[in-house]
Structures are given as structure tokens and as C-alpha cells.
Amino acid sequence: MNIEVNRINSGIEKNPAEYVKSINEAYLWQMKRIAENIAQTKDSKPIILLSGPSGSGKTTTALMLSKMLGELGCPTHTLSMDNYFKSLTDKERKLSVLGKLDLESPDRIDKDLLNTQIEAIGKSYEVDIPKYNFADSKRNGIKLTLRRQPDELVIFEGIHALNPEVITVPDSRISKIYVSVRTRIVYNDIILHPSKVRLMRRMIRDRNFRKRSLRETMNMFHSVESGENKYIIPYKHRSDYDIDTFMAYEMNVYRNSLLNELKSMYDIPELIDVTEVLENLDPLDKKNITSDSLICEFIGNGIFKY
1301 MNIEVNRINS
1311 GIEKNPAEYV
1321 KSINEAYLWQ
1331 MKRIAENIAQ
1341 TKDSKPIILL
1351 SGPSGSGKTT
1361 TALMLSKMLG
1371 ELGCPTHTLS
1381 MDNYFKSLTD
1391 KERKLSVLGK
1401 LDLESPDRID
1411 KDLLNTQIEA
1421 IGKSYEVDIP
1431 KYNFADSKRN
1441 GIKLTLRRQP
1451 DELVIFEGIH
1461 ALNPEVITVP
1471 DSRISKIYVS
1481 VRTRIVYNDI
1491 ILHPSKVRLM
1501 RRMIRDRNFR
1511 KRSLRETMNM
1521 FHSVESGENK
1531 YIIPYKHRSD
1541 YDIDTFMAYE
1551 MNVYRNSLLN
1561 ELKSMYDIPE
1571 LIDVTEVLEN
1581 LDPLDKKNIT
1591 SDSLICEFIG
1601 NGIFKY
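Heads up: the sequence shown begins at 1301 in the working numbering, then just goes up one per residue.
Hints may be right or wrong, so weigh each one.
[Stated by the list, open to error] For lysine to aspartate or glutamate, the following EDC-like pairs were computed, each having C-alpha atoms within a straight-line distance of at most 16 Å:
1. K1476 with D1542
2. K1342 with E1371
3. K1496 with E1570
4. K1345 with D1540
5. K1431 with D1410
6. K1443 with E1465
7. K1332 with E1371
8. K1530 with E1465
9. K1314 with D1567
10. K1431 with D1382
11. K1386 with D1410
12. K1332 with E1465
13. K1443 with D1428
14. K1391 with E1426
In case anyone wonders, no lab produced these hints; they're calculated from the structure.
Modelling step: build the complete structure from the supplied sequences, incorporating the hints.
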């Protein structure tokens, strides 16, 4: 899907609050349809796998889906597959510091434990969900003890959730969701790829919550893209449901926060199209964004706490 910059600006100029509301409602509508379908298969498919690249809005989508399923009479637990990472050895930690260890490889996942626990959860056996500590790159302790009750569902969210080499549970017992920005933004001869929207999201998030500069986030761009192309995108065709998380007003919100600094990064060719598109979008004040908007995952002040 493509959307013209002029069309976005027209919507905001006419009535910013109504435009934001209409975009949010369209996103929630596609989520509601998926939740209703999943609720109908809750007995045969109690496990939901949710995957998507960095900056796709996986966390908010998973939490919104959980809330909607609960309203449909299906209480839902959401678990991060990050907790199934293997602890790094001292040698691996040294390689990681040097940037010589692929931290996004599916080999980092303890596949045997993950699949054993997915099977057990599906059968309503009690399991101790592990806890991974990113500070010391070790899995230690128990995050929570879980026994799935009748009518309950469990979402496993992670970048490798659709990889059949990671998840070996039969497809007949799981629902699979792929989440990403799928819309392209058009301005004159520029067609801005969805990956650039996700890059802007990461820039905003990293500066707000991870104390990284825009240039530091940009320095990771090629590595992140490479990991996505190797480990995530090849498996998106396996999804039962696709969710486009693009919010047509979001770049207007990012504009004032990013534009000046992006202009100073003229030495990075990949940012030329991003900068030009932002320059030609009307700014939208953050105060127009309601707390249930997906982009609150990146700008803050959301209804969901992470």
C-alpha cells in the first residue's frame, strides 16, 4: 500500500484529532477481526506466535491483542521469547563486546526448552518460565510459574516466532501473526520504504529510553537490516495473519523531534529520502496523540507499560 504525503497533510490540516482517531480506529478494527478469529479456534490453537522486525510495534500489538481476547472471554498471557536466550559463555561475551557475535541468530534460543514448554502450556501443565538478564547476558531464575487454564491463550512474542527451525510445534496447534510497517510513503519521486519508518521509530525510542543519539541508532541500521533479512522476513509468509502497524500521522509527530538533527547527518546517504519527506510533512503536536496509539511504544505516554 502507498500513501501520498499530500494526503496525510490534508487529513491533519482538516482536523488533527479526527484524523488521528480514524487511523487508530482502522488499526484497532484489523486487530479486532484477528482477535475474533483466534477466539473461535482457542480450543485447538491455544498458542499464538507473534513475530516482526525491530520497530514494528510487536510489544503494543501483543498487549492490545491480549486485551481484546480477554474482552472476548479468552484471558491471555503474553511471554517474550527473549527469556529463552541461552546464557553467553565468557568467550561469547568477549566476542559480543567486539561485535563478532551474531546476537540475533536463532542459535541463541534454547529451542529444546522453548518447544517443551510450549507443548506443556498447550496441555495445561505447570511450567516455570525462565528469566533472562540482559545486564550479564545470563538466564537465571524463574520469571513466573504458569499453568494455562481452560479458555486461556498464550502469546509468545519474538523475532524468531515464525521460524520453523526454532518453533517445532505443529502448525495445527498454533496461530501465527506477522507484524510490520507495510505502507510506503510517496513524495514526488521518493517512495519511502517501510524500513525507514521503522528506523524513525527506533531513533525516537532509542533517544527517549536508551540514551542513544540518532547517529548511534543509524550506525546499527545495516546490522539490524541484515538480521531481519536473514532471520525474520524469510518466514513472514508462514503467518496466518498480517498486521500493518503504520499510523499515517506518525511521521508528522516525529518531524520536529528528528528533523534538525537529521539535517546535520547529510553525510549518510540512507537518510536523504527520510529528511526530505519529513521536511514536507506538516508537524503534529504530541498532545494530539491519545494514550492508546501504537506509536506511544516509541514516544512514550502510552496506556500500556512495558
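Tested hints:
1. The hinted pair formed by K1476 and D1542 meets the criterion: a straight-line CA distance of about 9 Å does not exceed 16 Å.
2. Note on K1342 and E1371: the hinted pairing holds, with a Cα-Cα distance of about 14 Å set against a maximum of 16 Å.
3. Annotation: proposed proximity of K1496 to E1570 holds, straight-line Cα distance about 9 Å (limit 16 Å).
4. Of the pairs offered as hints, the one joining K1345 and D1540 holds, with about 12 Å between alpha carbons and a cut-off of 16 Å not exceeded.
5. For the hint pairing K1431 with D1410, the CA-to-CA distance comes to about 12 Å; that is within 16 Å, so the pair holds.
6. Proposed proximity of K1443 and E1465 is contradicted: the alpha carbons are some 25 Å apart, above 16 Å.
7. Simply put, K1332 and E1371 have alpha-carbon atoms about 10 Å apart, close enough for the 16 Å limit, and the pair holds.
8. Between K1530 and E1465, the direct Cα distance comes to roughly 13 Å. Compliance with the 16 Å bound is thereby established for this hinted pair.
9. For the proposed pair K1314 and D1567, the alpha carbon gap of about 36 Å is over 16 Å, so the pair is violated.
10. At most 16 Å may separate the alpha-carbon atoms for a hinted pair to count; K1431 and D1382 meet this at roughly 9 Å.
11. About 6 Å separates the Cα atoms of K1386 and D1410, which keeps this hinted pair within 16 Å; it holds.
12. Note on K1332 and E1465: the hinted pairing is violated, with a Cα-Cα distance of about 30 Å set against a maximum of 16 Å.
13. Proposed proximity of K1443 and D1428 is supported: the alpha carbons are some 7 Å apart, at most 16 Å.
14. With a CA separation close to 35 Å, the supplied pair K1391 and E1426 exceeds the 16 Å bound.
The structure fails to meet hints 6, 9, 12 and 14 from the earlier list, while all remaining hints are met.
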